[in-house]
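Please model the complete structure; the sequences and the hints are all you need to start from.
Single-letter residue listing:
2 protein chains.
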Amino acid sequence: MYADRRARLRDRCAAAGSPAALVSRPANVRYLAGGSPPGAVLLVGAGDDVLLCPRAPTGDPADGRPDESLRTAVLPASGGDPAVAAVDVARKAGADALAVEEHHLTVARHRAMGSVAPRLRLADLGGAVEQLRIVKDEDEITCLRIAAEIADQALGELLESILVGRTERHLALELERRLVDHGADGAAFPTSVATGPNAGLAAHRPTDRRVEEGDFLSVCLGANYRGYRCEIGRTFVIGTTPADWQIELYDLVFAAQRAGREALSPGTEFREVDRAARQLLDAAGHGGALAPRLGHGVGLEIDEDPQLAPASMGKLDACVPVTVEPGVHLPGRGGVRIDDTLVVRQEADGGPELLTITTKELLAL
Amino acid sequence: MYADRRARLRDRCAAAGSPAALVSRPANVRYLAGGSPPGAVLLVGAGDDVLLCPRAPTGDPADGRPDESLRTAVLPASGGDPAVAAVDVARKAGADALAVEEHHLTVARHRAMGSVAPRLRLADLGGAVEQLRIVKDEDEITCLRIAAEIADQALGELLESILVGRTERHLALELERRLVDHGADGAAFPTSVATGPNAGLAAHRPTDRRVEEGDFLSVCLGANYRGYRCEIGRTFVIGTTPADWQIELYDLVFAAQRAGREALSPGTEFREVDRAARQLLDAAGHGGALAPRLGHGVGLEIDEDPQLAPASMGKLDACVPVTVEPGVHLPGRGGVRIDDTLVVRQEADGGPELLTITTKELLAL
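Protein sequences appear in the order of chains A and B.
Take the first sequence: its position 72, counted from the start at 1, is 72 in my numbering, and no numbers get skipped.
So my numbering is basically just the index in the second sequence, starting at one, shifted up by 1000.
These are computed hints drawn from the structure, not numbers from a lab.
A couple of the hints might just be wrong.
[What the hints assert, rightly or not] Just a few of them, taken from the derived set where beta-carbon distance is under 10 Å, the chain B residues facing chain A:
(1) Thr1072
(2) His1103
(3) Arg1109
(4) Gly1126
(5) Glu1174
(6) Arg1177
(7) Gly1186
(8) Arg1205
(9) Pro1292
[Said to hold, decoys possible] Take a look, some chain A residues computed to stay more than 12 Å from chain B by CB distance:
(10) Pro38
(11) Asp60
(12) Pro61
(13) Asp124
(14) Leu179
(15) Glu248
(16) Ala259
(17) Ser265
Computed from a predicted structure; not experimentally measured.
Just so you know, even glycine gets a beta-carbon here, dropped at the ideal spot from N, CA and C.
Okay, here's the thing in structure tokens:
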């Protein structure tokens, strides 16, 4: 499988005139090599493919397990930058050009690479590996499905506990502990818990504010399972009965989120999915304060292509996992966010597959 | 204070021929501006200094609070990269050269910056801000002292709890929760808990291994307090009586760590501090497996200059906080690491100031 992915990359590079490529962005290394020990870089298309590591891989599961059919070279203790060592390997293998990830390498590192082999032309690989990563295979989707199950379990347990009086920070830490309890390799991203006036803010970082009766409580979390990251966000009301404005706002965001989910199908333009949800929120007068996008791809990173945004060009394919996460925040009062991870599927296969299945009813806790 | 720091940077830049500089590395932005909202960059020396932010700062304490005397410019929602916008500001202010952080900017970003103002020369600021950050003022040391107190408290509480049967992962999560309980803004770095054969490994990532009787247990953690990060590492024995080999190994690492601490004084070469500890471990036959350095600076990042390593050039100054963290790991058996954060002080001021004061006796828990 990893060898197939590397073959596809070599084909792309050869077509672009640089048969050899150096991959340095960790998620890209992991995608092509099966594992990404800290600092490792992958050289493909210059002799045998080789994973250059600054030190011996520790076998840490969080790094993944490098493909056994792939050659691994461990640099000596004072071996310097593996990317520089890789340039030297490519030169000795007779490559005259090497495509590198200019969106990941720093200027200083790129210069050091250029200086060890002045006659080797450094070209730009651009986002070639990121493009390969957009459509997932069923093994990848299985990892995402398990990650989503873990997040659902952690969230479900939180809902059964007493919430009033506890701080955002503590609830976030407890959720992260529960993710690990249920088998996650860690949180997919920093867990967000937002109460009262903070509720509904995107990527709110937890504070010492305590949950109070009558609050909106919005939570966004995700699990990392074998490197694959999902995302779920829900908003609840604390106390016995939601206020009218809370029910109204919730119903609106829910309708927008449903419209976004229902727009997910192979061939639909990214911006059409965004528009399906955005126009409902816009019509209700919340257009000015909306986030610049409705959702994004997920996989080995929590924020990947595609972007579901008004100016985003391109169309969805089957087997692309994305988030659909509209939100409205009313300054001083709080707000609502609802966030799911789904996989785009053909109509004949049942349409979009919802990975995060926690209820989206407005629960009063 | 922040204005003084920026004035010192402007002086340095002017002396190097580029009166204007663009700072993009987040810890450097925070050092000079008081805060670093996500994605913000700081332009100094081209007209008024200005902090360019991709969106309005949220006031999140984890980002710090930007200096009120500093101009802040928030880019429009689709404003693109603040570093590119900053180039345009510098050009309009009449700058003919701009020093940038080539060790932080990617090649792609640097190119985008160059293309908006082809006649503005982009020079390299190098590690100029990192150099300014090495010697700390007393306010910074106060933050580090509080961070160390928090870490000591979290570790102390863990030692009072039952450890046998609990996993490395759970102990690590509990330590991180306790750090936040005691007022940390978060963990300074991922907490490491290592038991049995894992004990003594540097930066070991916690696994599902459970603590057993007779294990070495090594723990490394730190608190982030107002952006400042400290580090403490201790090794314990689980059960009633340590084995002879455990006592022997512990005494050796302890002696090496003490030698390193005692070598800390203004004017001492970095490599001399490393050598003081390394020669003891070397003489005992552990030289081959030692980490490449004894310790490093700490501050707004957990790993800063100076490097206490054999090939490191330079001498210690007063008011430089560093870690001293030797360790020995015996494959299959485990090992010992002892790690403190100290501030280099003049002899007349009492010599090195130990910030992390948890006992270094070999405790049997």
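Okay, the hints, checked on the actual structure:
About 19 Å separates the beta-carbon of Thr1072(B) from the nearest beta-carbon of chain A, more than 10 Å, and the hint is not met. Evaluation of the His1103(B) hint against chain A yields a held restraint, the C-beta minimum of about 4 Å falling below 10 Å. Proximity of Arg1109(B) to chain A holds as hinted, the smallest CB-CB distance being about 8 Å (cut-off 10 Å). Residue-level restraint check for Gly1126(B) holds (minimum Cβ-Cβ distance to chain A is 8 Å; threshold 10 Å).
Hint on Glu1174(B) holds. Least Cβ distance to chain A is approximately 8 Å, under the 10 Å limit. A distance limit of 10 Å between C-beta atoms decides the matter here; for Arg1177(B) the minimum to chain A is near 5 Å, and the interface restraint holds. Checking Gly1186(B) against chain A by beta carbon gives a least distance of about 9 Å; that is within 10 Å, so the hint holds. Because the beta carbon of Arg1205(B) sits about 5 Å from the nearest beta carbon in chain A, less than 10 Å, this interface hint is met.
The interface hint given for Pro1292(B) holds, since its Cβ lies 6 Å from the closest Cβ of chain A, which is under the 10 Å cut-off. Non-interface status of Pro38(A) relative to chain B is broken: a Cβ of that chain comes within 12 Å, the nearest being about 9 Å off. A cut-off of 12 Å between C-beta atoms contradicts the statement that Asp60(A) is not in contact with chain B; the least separation is 5 Å. With a least CB separation of 8 Å from chain B, Pro61(A) falls inside the 12 Å interface cut-off, contrary to its annotation.
The Cβ of Asp124(A) does not lie farther than 12 Å from every Cβ of chain B; its closest approach is about 8 Å, which violates its non-interface assignment. At roughly 10 Å, the least C-beta separation between Leu179(A) and chain B is not larger than 12 Å, which violates its mark as non-interface. Against the 12 Å criterion, Glu248(A) stays outside the reach of chain B, whose nearest CB is about 26 Å from its own CB. Taking the minimum C-beta to C-beta distance to chain B, about 22 Å, the non-interface status of Ala259(A) holds against the 12 Å cut.
No beta-carbon of chain B is positioned within 12 Å of the beta-carbon of Ser265(A); the least distance is around 27 Å.
When each numbered hint is compared with the structure, violations occur for hints 1, 10, 11, 12, 13 and 14.
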